[in-house]
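**Q** Chains as they are written, first to last, in the numbering used here: chain A, 99 to 361; chain U, 11 to 317.
Keep in mind that a hint or two might mislead.
Said to hold, decoys possible - DEER-style ranges, computed between Cβ atoms:
1) A:A258 / U:W94: 47 to 57 Å
2) A:T215 / U:G169: 52 to 62 Å
3) A:L158 / U:P284: 30 to 40 Å
4) A:G155 / U:E86: 19 to 29 Å
To be verified - Take a look, some chain U residues computed to stay more than 12 Å from chain A by CB distance:
5) S71
6) L88
7) R98
8) F134
9) F168
10) D171
11) W183
12) L208
13) W212
14) A215
15) I232
16) R311
Simulated from the structure, these hints should not be mistaken for laboratory data. Every value quoted in this text rests on a predicted model; they were computed, and no experiment measured them. We put the beta carbon where it would ideally sit given N, CA and C, even for glycine.
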Amino acid sequence: MKRNRIWAWIVFLIGAAYFLLPLVATLDFALRIRRTGYTLDAFTSVLTDPRFQATFGYSLIIGLCTIVAGVVIVVPAAYFVRLRLPQLRPFIEFLTLVPLIIPAIVLVFGYIRLYNTSSILPLTGSALGTDALLIFAYVALALPYLYRAIDTGLRTIDVATLTEAATILGASQITIITKVIFPNIIVAVLSGAFLTLAIVVGEFTIASLLNRPAFGVYMQNVGANRAFEPAALAIISFVITWGAMGMIQLLARFAPRTAARTD
Amino acid sequence: MSPNNAISVAGAGQPAPAARTAWRFSWSNLGEVLGIAPFIIFAIMFLLLPTIYLVAAAFTSKAGGFTFDNIVGLGEPLIISSFWLSIRISAASAAIGAIAGLIIAMAVIRGNLPGPIRSLVLTFSGVASNFAGIPLAFAFLSTVGRLGLVTIILKTVFGFDIYRSGFNLLSFWGLTLTYCYFQVPLMILIIAPAIDGLKKEWSEAAATLGAKPWQFWTNIGIPVLWPNLLGTLSLLFANAFGAVATAYALTGMSLNIVTIQLYAQIRGDALQNPGLGAALALGMVAVAGLANVIYLVVRARAERWLK
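In isolation and in its complexed conformation, chain U is listed as follows (with noise of 0.2 Å):
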């Protein structure tokens, strides 16, 4: 099993066992105490401060003060349509690599195909999932840019003209059609051991009574699967909606999505008013935080339904 398969998502962790007695800070603990700190150091000055900071600086006016007009800021028609097409990409992307993955490992693990088959797929989305930002912008420029490999042959052979046709892979579809390469195989890595945790004493109860496959996927499969499908696709979403390297190698600035729009504010500070990059950075924060606790809150549904 390969690290990036032990992914548990948000919240995931178990319950930890009840302590026996209380912790207290003692002499004899300080060991335990200087091997945590620099972990809790790091956690505070890296993850939690930069956060707080941020969020701080959104309600801080130039002057130092306190304002709500960084926030009302975001309600300009370019920042709101640059969230939303972020919003856009990042679900259908989510959406499509969830179900796509999800397809891909059942009919790897469960579809009695060649041995080598699964522990090749396997290997390969570890690879995938890990090719993304401006590599992976470079190889789709190569296939369906419009001097792509596909592209010319679909013109050449097919004389099917894509670009003519309305593709274009500096869009919402050329976007989502990239982010999948890295979304199926990150589904596919972390749906694995769930699928494999199916017992194939279920699907045989199933047969004996008369259930066709479809159905032993739609009344049994899917609905075990179903509080890992929802942590996926949260986070599969998080993952597509913090992404800049690809976007940006493959459109610079002009694609309007939130993270192209805050690494400009970012490079531009000097220039402009920090406080809005600060709403920016909190809003992205605030839409991601929203995926979750949507996630938590069908999840607690879910486990509740499945007891």
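For reference, chain A alone in the conformation it holds in the complex (with noise of 0.2 Å):
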């Protein structure tokens, strides 16, 4: 038992050397900016950037809509599969990993020539239009994750039972969903939106195809252009992943701790 432990120690050594040495490369870089010493102006530099902020505003306008639209489309889907529609569940599955399957860059590509300003729903017509349609290519690249979180989230209720007192005591479906079953399950919605948000603030692929002037396109633009600024952009990233995914860690615990129930 001694050895196995070393051993594991050994394993998580280099992993961790592996793991921590760019974070560390990164700092040290975007910290060397001044010949003098280590300074803060890398990241002063781009906090102060005008254009840093507008980019992530924008960015973060556009996860805050795609969870919005995500959460839409998938909660309703979601609890009437559980609910009444089991069979459809395989189906549903399987689309929900489509994205996982068919590669981003192929999807978005699908999606200029389908809706082309010559087409019969001209989306990239207008901005407006385009950001549309950078909203639902982030749907669908969150869509595994999103699905799963609320999937997960309603096995923890017991839908069937809320559902039938909701409907013992005259709620609508749309009540039911909204005022019932939604802040049932928040804690899992939230979870997959903090995903989400990571996963989109910095996405590049889509937005610089559908020439929006998001905070993955600047962050490529900076990196093209300058020498240190792009670390410390690093860095900044690093930390809003760590915060998205900090913010799931804490809403863990205020899940229901049902949650290893399988059916």
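Each of the two chains sits in its own frame; use the hints to bring them together as a complex.
**A** The structure is reproduced here in structure tokens:
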């Protein structure tokens, strides 16, 4: 057992080195913008850049819209599949896995062709339409995670009994979903939301191909033109991702303890 | 449990319990239909139609007729080599990611390490598996790029120039090393619940029968985890195969992988043959789909054997 433990330590330390070295190196690089020693100038330069603020704000808003659209699309579907339409489950689950199989760049290529200015639904014709397209593309990107988060949330509550009780009290189906089911799975929904945010905020490929002024595109731009600012941006992104994941961990403490139930 | 622990890999959905009566539309079912409609409409508009459209476009000539020319166009040496490099990088980073992730997860969960390490590793894995794209490229440039910290330290302290000895961040190994930064943690997240599922009694029973710890893993642990491992492998492969941003930020257009080729095609669509872009996309879907078919076939055999 002792030797076992030594091996575990060795593996852990090698892994830790691989994962921490790039972070340390990046931080070191970002702090060395001046020859005189460590300064935070690279961070100040990035954070005070108006384009940073504009693109970051834009991506945050797109991220929030993605979460709202994703929840509206996924929650009712997951609810009805669990309650009334279990025979559709394999089909729906397959659809939620499609974005893991078909690369995002292929999907967005399809969107650009399908919804261009000469099509029936010319979404790429206006800025607002392209924003909508970007949001739906991000919903697709987040779908596997969002669906699973929400479905796991639904599994931990007694959907059938809650629905029956609410129906007896005269609630309509919309009321049941918004006022009974949704508040009960809010922790799961928020976990999915933060994960979505982590995926979406720094996304580059789709935003760049749709020509939207997103944070990922800005980062790429800085990377091509500056030396030290990219490292600062990488650290900032890491902190943002860490923040989103930290929120999920925090939320998990409030989650119902019956999560282990499988069916 | 964070939600990304719960990813079940393609086709892993539980079988639906048999419905008592066949579902039939009636006015009382209107709520169900309306409730599930947004999802179905979304799936058709943003998942199925774009894919079908590209498949059709791959077989459509400029004049609008049916053609195999676009598919034949994939035979160009440049495109063949881009597919080959993409497949190699994806396979290598998936294999290394899966093995390293499995070993780390085993060490952290079953290695009797102090309690907080497990949750620390899992939390960090959640962050690192989502730390991809542009910032990841920046991080690796600052680490093992030509002016990176590790490069400089190795050169000045140990007198070892990794770039002289053939390493290049903008190459097969460089990109594979970089991709492992999100592949390994993804593996840890997916395999951790499966390792949790290995009962303590099994290793005790094996030990009682005289098995060494490594024998427990080779004869019991790995075979039980096998279907999971294979599923994750295909997921990791697809994950790397579709990645664009990291490679683009590292190398611009200079590294010839298939996503970069497609990116260039989409950007320059007006000048180039639009059918070829669609054929490239179709080729990517075919490769990713093939990886999943292989997984399904192997998994079916592995499960049969487990019974």
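**Q** So which of those numbered hints doesn't the model satisfy?
**A** Hints 4 and 8 not satisfied by this model.
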